[in-house]
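Please work from the sequences and hints to get the whole structure.
Residue numbers (our numbering), protein chains in the order written: chain D, 1 to 279; chain B, 1 to 183.
Source of the hints: derived by calculation from the structure; they are not laboratory data. Treat each hint with caution, since some may be false.
Some chain D residues flagged as far from chain B (calculated, every beta-carbon gap over 12 angstroms) [stated by the list, open to error]:
(1) 6
(2) 89
(3) 140
(4) 172
(5) 194
Taking lysine-lysine pairs in the DSBU-like style, the calculated list, with each CA pair at most 35 angstroms apart, reads [stated by the list, open to error]:
(6) B:182 - D:49
(7) B:67 - B:114
(8) D:204 - B:85
(9) D:49 - B:47
(10) B:109 - D:49
(11) B:174 - D:117
(12) D:59 - B:3
(13) B:85 - D:209
(14) D:108 - B:47
(15) D:30 - D:45
Note that CB positions come from ideal geometry on N, CA and C, so glycine has one too.
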Amino acid sequence: MRFIASEDISNAVKNLIINSSVNLPEDTYKSLKVALENEISESGKAVLKAILLNAGVAKSDNKPLCQDTGLAVFFVELGSGVSVSGKTLTEAINEGTRRGYEEGYLRKSTCDPFTRKNIGDNTPAIIHYEFTEGDRIKIMYAAKGGGSENMSRINMMRPADGKEGIIDFAVETMRLAGPNPCPPNIIGIGIGGNFERSAILAKKSLFRKLGEKNPDPELEEMENLLMKKINRIGTGPMGFGGICTSLEVHILKEPCHIASLPVAVNVECHSHRHGEITL
Amino acid sequence: MKKLTPPLTDEIIAGLRAGDQVLISGKIYTARDQAHYRLIKLIEEAKPLPFDINGQIIYYVGPTPAKPGEVIGSAGPTTSYRMDKYAPALIALGLKGMIGKGKRSQEVKDALKKYKAVYFGAIGGAGALISKSIRSSRIIAYEDLLSEAVRELVVKDFPAYVVNDMYGGDLYEKGRLDFENKI
Numbered sequence: 001m002r003f004i005a006s007e008d009i010s011n012a013v014k015n016l017i018i019n020s021s022v023n024l025p026e027d028t029y030k031s032l033k034v035a036l037e038n039e040i041s042e043s044g045k046a047v048l049k050a051i052l053l054n055a056g057v058a059k060s061d062n063k064p065l066c067q068d069t070g071l072a073v074f075f076v077e078l079g080s081g082v083s084v085s086g087k088t089l090t091e092a093i094n095e096g097t098r099r100g101y102e103e104g105y106l107r108k109s110t111c112d113p114f115t116r117k118n119i120g121d122n123t124p125a126i127i128h129y130e131f132t133e134g135d136r137i138k139i140m141y142a143a144k145g146g147g148s149e150n151m152s153r154i155n156m157m158r159p160a161d162g163k164e165g166i167i168d169f170a171v172e173t174m175r176l177a178g179p180n181p182c183p184p185n186i187i188g189i190g191i192g193g194n195f196e197r198s199a200i201l202a203k204k205s206l207f208r209k210l211g212e213k214n215p216d217p218e219l220e221e222m223e224n225l226l227m228k229k230i231n232r233i234g235t236g237p238m239g240f241g242g243i244c245t246s247l248e249v250h251i252l253k254e255p256c257h258i259a260s261l262p263v264a265v266n267v268e269c270h271s272h273r274h275g276e277i278t279l
Numbered sequence: 001m002k003k004l005t006p007p008l009t010d011e012i013i014a015g016l017r018a019g020d021q022v023l024i025s026g027k028i029y030t031a032r033d034q035a036h037y038r039l040i041k042l043i044e045e046a047k048p049l050p051f052d053i054n055g056q057i058i059y060y061v062g063p064t065p066a067k068p069g070e071v072i073g074s075a076g077p078t079t080s081y082r083m084d085k086y087a088p089a090l091i092a093l094g095l096k097g098m099i100g101k102g103k104r105s106q107e108v109k110d111a112l113k114k115y116k117a118v119y120f121g122a123i124g125g126a127g128a129l130i131s132k133s134i135r136s137s138r139i140i141a142y143e144d145l146l147s148e149a150v151r152e153l154v155v156k157d158f159p160a161y162v163v164n165d166m167y168g169g170d171l172y173e174k175g176r177l178d179f180e181n182k183i
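So this is what it looks like as structure tokens:
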């Protein structure tokens with residue numbers, strides 16, 4: 001059994017958070033450049049140019065890309081041959097979150113749902129665990145903003161609604177969202193599982209690198225069709241009108257109950273801040 | 001590109017149309033969810049607001065903390081609809097402009113017409129770039145709300161678009177219809 005000190009995990013998570021909040025990931029930058037090449041709307045082009053310029057300013061001024069530095073969302077793959085010494089893995093990640101948001105001068109956005117009082121350190125992080133072979137811990141992080149998250153929807157559909165129904169629901173979600181979630185967006189769709197599992201799948205699908213194909217040809221086809229339909233809505237960059245409303249659509253699917261067809265659509269903003277580390 | 005400096009008058013508002021690009025300079029005030037909740041409570045209790053709202057602009061923003069030596073952290077707009085419940089009462093008191101992102105309710109659009117005011121859209125997710133147009137920042141109320149505190153900002157050529165004007169014009173509606181089914 002290999003051991004990793006919880007302190008080392010906290011420090012690695014801290015650095016991952018700070019870096020991801022300031023430096024726009026390569027895949028996001030490339031995707032926005034492609035959007036700028038494709039966009040035909042003048043105001044859409046102007047918005048995309050400003051977004052790309054913002055990435056340069058954030059880097060050179062060492063400033064967060066967006067003031068909404070998000071809730072800290074993690075997908076963790078824990079190998080069977082590795083264990084954490086000191087605190088628990090959850091505590092280690094939360095401690096890294098605390099340090100990252102404090103030392104990186106990032107906005108703390110967690111609050112009590114009723115009193116709305118800020119918790120003050122952006123914890124608790126939202127952590128999803130998966131167990132894998134090997135003796136490594138892979139930690140994937142995303143800074144998930146509230147504006148795009150608020151436009152996300154879940155629907156317990158009827159099995160008879162089928163693929164067509166799922167497509168209509170996703171397009172309707174983006175039509176209702178309009179300019180609110182900072183388009184152009186990345187749209188993560190989770191199909192199957194049950195109520196909560198579909199939402200986790202939708203979130204997880206956002207962690208697939210932009211530009212990487214879906215390994216399932218049927219889902220890839222569905223993603224391409226959805227991309228086209230969403231870009232025909234006309235919302236465009238920041239909602240000022242245009243043909244780039246979606247940067248990409250990502251779908252994950254799992255078996256579900258014979259009575260159910262759970263579908264979750266998780267909307268992500270253009271400032272798609274994510275990163276990963278393996279310890 | 002139109003240059004604006006608050007306080008904004010009815011005449012200035014009358015000259016603004018959805019789709020216009022503007023550069024705002026001078027003093028503006030920040031407020032988002034919790035600050036609005038408190039401002040409305042003050043109005044209900046007939047108490048004075050922490051700043052004179054007449055002719056002013058409120059920017060919906062909750063910036064990241066400023067590092068030592070910085071005026072302000074990253075400071076882009078937040079989604080405006082969450083303030084829709086509170087905005088008409090402030091517009092009725094003389095608020096002339098709001099800066100945010102995203103759609104407004106019919107009640108807010110009606111208030112823009114009735115009291116002659118505008119809604120500006122700034123580019124969401126461009127908080128580092130936008131912060132360059134902010135020259136000073138001072139908390140004037142609700143410091144306990146941290147990033148949600150009310151700040152008086154001095155801005156220079158703050159870039160925004162007129163989204164909703166006093167004539168019912170709507171940049172989001174027009175922009176979308178212009179590009180619907182274009183591909």
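Check: What are the numbers of the hints that this structure violates, sorted from low to high?
Finding: Checked against the structure, the hints that fail are numbers 7, 9, 11, 13, while the rest are satisfied.
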